[in-house]
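Residue numbers (the working numbering), protein chains in the order written: chain A, 81 to 752; chain B, 81 to 752.
The set of hints was computed from the structure by calculation and includes no laboratory data.
The reader is advised that the hints may include incorrect statements.
[To be verified] Okay, derived cross-link-like pairs now, DSS-like style, lysine-lysine, Cα gap no bigger than 30 Å in a straight line: (1) A:Lys485 - A:Lys419; (2) B:Lys485 - B:Lys135; (3) A:Lys230 - A:Lys404; (4) A:Lys329 - A:Lys380; (5) A:Lys749 - B:Lys715; (6) B:Lys419 - A:Lys715; (7) B:Lys230 - B:Lys404; (8) A:Lys715 - B:Lys178; (9) B:Lys683 - A:Lys749; (10) A:Lys622 - B:Lys715; (11) B:Lys353 - A:Lys442; (12) B:Lys442 - B:Lys485; (13) A:Lys132 - A:Lys380; (14) A:Lys132 - A:Lys329; (15) A:Lys353 - A:Lys178; (16) A:Lys683 - B:Lys715; (17) B:Lys749 - A:Lys683; (18) A:Lys353 - B:Lys442; (19) A:Lys715 - B:Lys622; (20) B:Lys132 - B:Lys318; (21) A:Lys485 - A:Lys404; (22) B:Lys683 - A:Lys715; (23) B:Lys229 - B:Lys135; (24) A:Lys715 - A:Lys749; (25) A:Lys353 - A:Lys418; (26) A:Lys633 - B:Lys419; (27) A:Lys442 - A:Lys230; (28) B:Lys622 - B:Lys419; (29) A:Lys715 - B:Lys633; (30) B:Lys178 - B:Lys353; (31) A:Lys633 - A:Lys485.
There are 2 protein chains.
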Amino acid sequence: MDIATLRATHPDHWMKAAALRALAMDAVQAANSGHPGLPMGMADVVTVLFEKHLKFDASAPHWPDRDRFILSAGHGSMLIYGLLHLCGDAQITLDQIKAFRQWGALTAGHPENFLVDAIETTTGPLGQGIATGVGMAIAEQSLQARFGKKIVDHRTWVLAGDGCLMEGISQEAIGLAGMQQLSNLIVLWDNNDITIDGRVSVSDRTDQRARFAASGWTVLHCDGHDPADIDRALTAAKAASGPVMVDCKTIIGFGAPTKADSYQAHGSPLGDKEIAATREVYGWPHAPFEIPAEIAAAWKAIGSRGAADRAEWQERLNALSANKRDEFLRQMAGGAPKKLAAAIRAFKKAQSAAGPKVATRKASEMVLGAVNDAVPETIGGSADLTGSNLTKTADLGVFGPGNRKGRYVHYGIREHGMAAAMNGLWLHGGVRPYGGTFFCFTDYARGAMRLSALMGAPVVYVMTHDSIGLGEDGPTHQPVEHLAICRATPNTWTFRPADIIETAEAWELALSTMHTPSVLALSRQNLPTLRTAHSNQNLSAKGAYVLAEATGKRQAILMASGSEVEIAMNARAALEAEGIGTRVVSVPCMELFAAQDEAYRRKVLPAGPVRVAVEAAVRMPWDRFLLGERGKEAKAGFVGMQGFGASAPAERLYAEFGITAEAVAAKVKALL
Amino acid sequence: MDIATLRATHPDHWMKAAALRALAMDAVQAANSGHPGLPMGMADVVTVLFEKHLKFDASAPHWPDRDRFILSAGHGSMLIYGLLHLCGDAQITLDQIKAFRQWGALTAGHPENFLVDAIETTTGPLGQGIATGVGMAIAEQSLQARFGKKIVDHRTWVLAGDGCLMEGISQEAIGLAGMQQLSNLIVLWDNNDITIDGRVSVSDRTDQRARFAASGWTVLHCDGHDPADIDRALTAAKAASGPVMVDCKTIIGFGAPTKADSYQAHGSPLGDKEIAATREVYGWPHAPFEIPAEIAAAWKAIGSRGAADRAEWQERLNALSANKRDEFLRQMAGGAPKKLAAAIRAFKKAQSAAGPKVATRKASEMVLGAVNDAVPETIGGSADLTGSNLTKTADLGVFGPGNRKGRYVHYGIREHGMAAAMNGLWLHGGVRPYGGTFFCFTDYARGAMRLSALMGAPVVYVMTHDSIGLGEDGPTHQPVEHLAICRATPNTWTFRPADIIETAEAWELALSTMHTPSVLALSRQNLPTLRTAHSNQNLSAKGAYVLAEATGKRQAILMASGSEVEIAMNARAALEAEGIGTRVVSVPCMELFAAQDEAYRRKVLPAGPVRVAVEAAVRMPWDRFLLGERGKEAKAGFVGMQGFGASAPAERLYAEFGITAEAVAAKVKALL
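So that you can see chain A by itself, here it is in the shape it has in the complex:
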């Protein structure tokens, strides 16, 4: 629909949408930075969505039963800021709009969920929003199955652009949602035919409707500038079965006389002259950031449209038994249940006595047996490596179209989609997600793992086969740099437990934090129980601790993580036999150790003794705990990997790459 017709036939709608468009133009211009094109293109669609379909109450952004709205095309952030401001969001004041993209403002360049309550998820890296939305839709279905439709019954709406749909992660999301038949998921495709490099045809000729349909989605379409047609399509989308994609045909920078329908409207301010001309086209004579009272009032009414719904929901919640209500609220709040700590303690006590020799991936499965019983809100899964990651415990049940009570998701061969879905599961609330793949394939999931860290989403990555100990599959499957990668990423706990006890402690920490994702790097190969003396204390909480003290004069300190702690212990035995007093420090989590006070760090790693670190990976993360590289002055060494691994049985690889107790002992003696 062209602007003249739209203005003439839908004047009320037009003015509300024009307010969104003007705010976007003006804020981007004031910041001299940003993306006006998407808000101007999608204003009609979201105006209809917010006015007639989205279940929300602007005064209660955390209302559990609200619809989730995700701006997957996060560069169009002024669209969501404009919506929130106009609807009366308490945080997004006009001053915030005016401070768009400035230091300290809530109105960051891309929407950040850790800044604004009403922003469901951080977006910007393309495709993340749609995949995160799949996780939210799964969470909703899981909670609905557990707490009933009266308490949980809402949708996830995702606004996705051409960029989102070209990213590979979108296919993983489409495939997963299609298989799961998530009727509560609706993707609004901003089909504007423009990317940064020009028309979409410069790089793609995919028939997106056919592509979604191929994975079992219902596909609808509308003229993204015709309110009646949009309303028709959104109404149909809510009634359809399975996930729905609505192809919204739009014009980027709608109404800008020289820049609409062009990449020039995408990512730069339009310029004062173009903005003035666009105001003419819009019939919007108001000054920048000025919203006429009548239009402001109309939007405020939209913002409070859901208040009655919410009150009714609150009554239904109040009508639940106290136990059930408390449990719902506890799960939505995200804290671990009290009995988790007791379950871990009991597990540790039993296992430190039993002292099994098991791979830490197996140990993890054993811990999960206890955890999944104590924490009913866990939802586990694997990217098609269930039998290798050992992430599925008995009685979890498989989540699927026929069983929404199942607590295990077969994510398929979709590491990136899985990671983003786990973010969505957490962000929705009510779920503690964990999921597995081979540690090496963090490479495929990095984009979403970084967002876990940035958003502080405490999801748990169960990353097995964490070194050359994987053996015969060879270097493509053997992580060597991945511990460094995870440790270099801010706000990420990288656990590499040495035995079943540290594995239990890592799980406890991972499930207790509210703000930090955890990576559990777990061995394929069996490892002895090193912590055979039970302690109620979680020793891993300090990141590193003295596992074995030197007898006699302390001449050497060996540091190691995971499977190499056993090697360090064997090296210690050899050195002690030669009269060289040797301490072994187990380092299950460098980040937690670095966060301890200096007194503790110096107690664990006192100055004086030779230091040797052992890890079947690159040296980089250990340098901070070793001395510098100053030639002869060096009193520290590293035993680990110099480059990529190789294909052979694990024991042979350790021998060939020289990661052995003998090599560690020899290194110590050379340094003494």
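Given chain A, work out where chain B should sit, using these hints.
Frame of chain A, contents of chain B only:
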């Protein structure tokens, strides 16, 4: 087709295919590790392919005009080893087959192109093969346009499994190939309906045929166990226009009485009993690894089937003018042309005199102006950020269905697909690929970037907007850990040039190596020319060097890279003004510096002075060049990022995060 019918109707075919199947079963059993199911399932398809369609000569695995065959489902490696052995490949002897997955063998768990000449690309991480194949097909079309169809006229065949097609990277490959209408690309889908977690329906319901068709592919299908039907489909595939997907319906572990058509045939040895029973079904009474002479001879004939083709091709090559032939062979060999060095020298001389203040991304564009003229085999591109990455120079032309001479690829919003395609461009030969995105989005491309490193493919990643200097887009777009990630990855050169001169030097090094991929981390913001005294020498080749010496007694050494070298220089000026002699070391490439001999490293970083490193990123990679963390003894410090960035103008971010000359000078004084 069932086995009884197949054996009865196609006995010759059957025995050839059975040889492949038996080798796979036996080698996996001997190794007690591996994947027999895929070779047993796809043996019929590849037997027909190699016997009747694939253009190759087993005695000349590097024949430039051969068809490329890629086993994207790399876990089925015994299929390719069996094929190579039977065809008479010089490297894959029977002893190698028997040493499958053992230390030192060429027959690694997954196919490694750096071990075996006839293996076109390393596979194993799923989906990489199909995306790498797109690059090979682009390379072929580019070379054909430049050297003519008589010299370059071949296809790329990709065997992909369900796992490959679920990975997001496959969609990026499908979209790119579809848009490019690469008629020389044929994907054979091993449609066996099995993944590790069970039936495909456990995690997917995608209609793959419809999905490929949606992106402009021709879709065919065949009974993957009917030689005539396979032959029909492959014949049609060669005649079709645009890329072709052939849906080959197969049974995993074909013929294994209890494990066929089940995940149990996928990734474990079948066991002696099942193997014996399968031999019965196959009518294959021969001992493990024994191939009857008649069958061996039939396969040898297949292996030499292309010899005549190759001889004719050699004649056509010989008939070219000497200049053209030499140029073709030079480009296929991969070495940079001699005039590159002269072009870089001239560029450096002019720019050190001119001393422009430009962003290093702009400097890179200026260098590329000279490079693309001197090196006709470059193919540039960007993942839809051409105007930001500044990767497209004048006169390159855009590669597309209508212009195969174009040297610029609009990869679309497909970072992972782009990286894998660049690997394919290099591996095909005749092309020096480079491609750009924002540095932060290495996260999306990690899977393929790691393979560049593992394979030693010297592709060039042009990664712009390399720090918080990106400004307003905020933390999702601001790399802080990515320098650490690239530097932690073995066999990767991470360049972060400080000015236009170092940018030119980085490009020269990146284009001159034959074995190492390069990441060029480039600034968004303008930087002054620091190297105003011209030197013919490439100072960046040593990784780090003294940019400015202390006047008087050397009390401090400042180390920095990229945009922070200017900050270090300003700090030096302030310190020198206070009488504190300060050296500045520019560190454009840590990996190259670490590779220098100790004498050079000690010359650049002598013991004694206080050391402070400055980089707008996490500290981890610098620790090796600083002293350890020993409390009061520390004589070293770091000025950089502690966590994620924020959304604001760049200058404000540098000030707020304390990455300033003042902060550096203060740190030095605190340490003195």
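Hint by hint, here is what the structure shows:
| no. | hint | in the structure |
| --- | --- | --- |
| 1 | A:Lys485 - A:Lys419 | holds (22 Å) |
| 2 | B:Lys485 - B:Lys135 | holds (24 Å) |
| 3 | A:Lys230 - A:Lys404 | holds (13 Å) |
| 4 | A:Lys329 - A:Lys380 | holds (28 Å) |
| 5 | A:Lys749 - B:Lys715 | holds (27 Å) |
| 6 | B:Lys419 - A:Lys715 | violated (48 Å) |
| 7 | B:Lys230 - B:Lys404 | holds (13 Å) |
| 8 | A:Lys715 - B:Lys178 | violated (45 Å) |
| 9 | B:Lys683 - A:Lys749 | holds (28 Å) |
| 10 | A:Lys622 - B:Lys715 | holds (26 Å) |
| 11 | B:Lys353 - A:Lys442 | holds (28 Å) |
| 12 | B:Lys442 - B:Lys485 | holds (25 Å) |
| 13 | A:Lys132 - A:Lys380 | holds (14 Å) |
| 14 | A:Lys132 - A:Lys329 | holds (19 Å) |
| 15 | A:Lys353 - A:Lys178 | holds (20 Å) |
| 16 | A:Lys683 - B:Lys715 | holds (21 Å) |
| 17 | B:Lys749 - A:Lys683 | holds (28 Å) |
| 18 | A:Lys353 - B:Lys442 | holds (28 Å) |
| 19 | A:Lys715 - B:Lys622 | holds (26 Å) |
| 20 | B:Lys132 - B:Lys318 | holds (12 Å) |
| 21 | A:Lys485 - A:Lys404 | holds (16 Å) |
| 22 | B:Lys683 - A:Lys715 | holds (21 Å) |
| 23 | B:Lys229 - B:Lys135 | holds (15 Å) |
| 24 | A:Lys715 - A:Lys749 | holds (11 Å) |
| 25 | A:Lys353 - A:Lys418 | violated (62 Å) |
| 26 | A:Lys633 - B:Lys419 | violated (64 Å) |
| 27 | A:Lys442 - A:Lys230 | violated (40 Å) |
| 28 | B:Lys622 - B:Lys419 | holds (22 Å) |
| 29 | A:Lys715 - B:Lys633 | holds (28 Å) |
| 30 | B:Lys178 - B:Lys353 | holds (20 Å) |
| 31 | A:Lys633 - A:Lys485 | violated (59 Å) |
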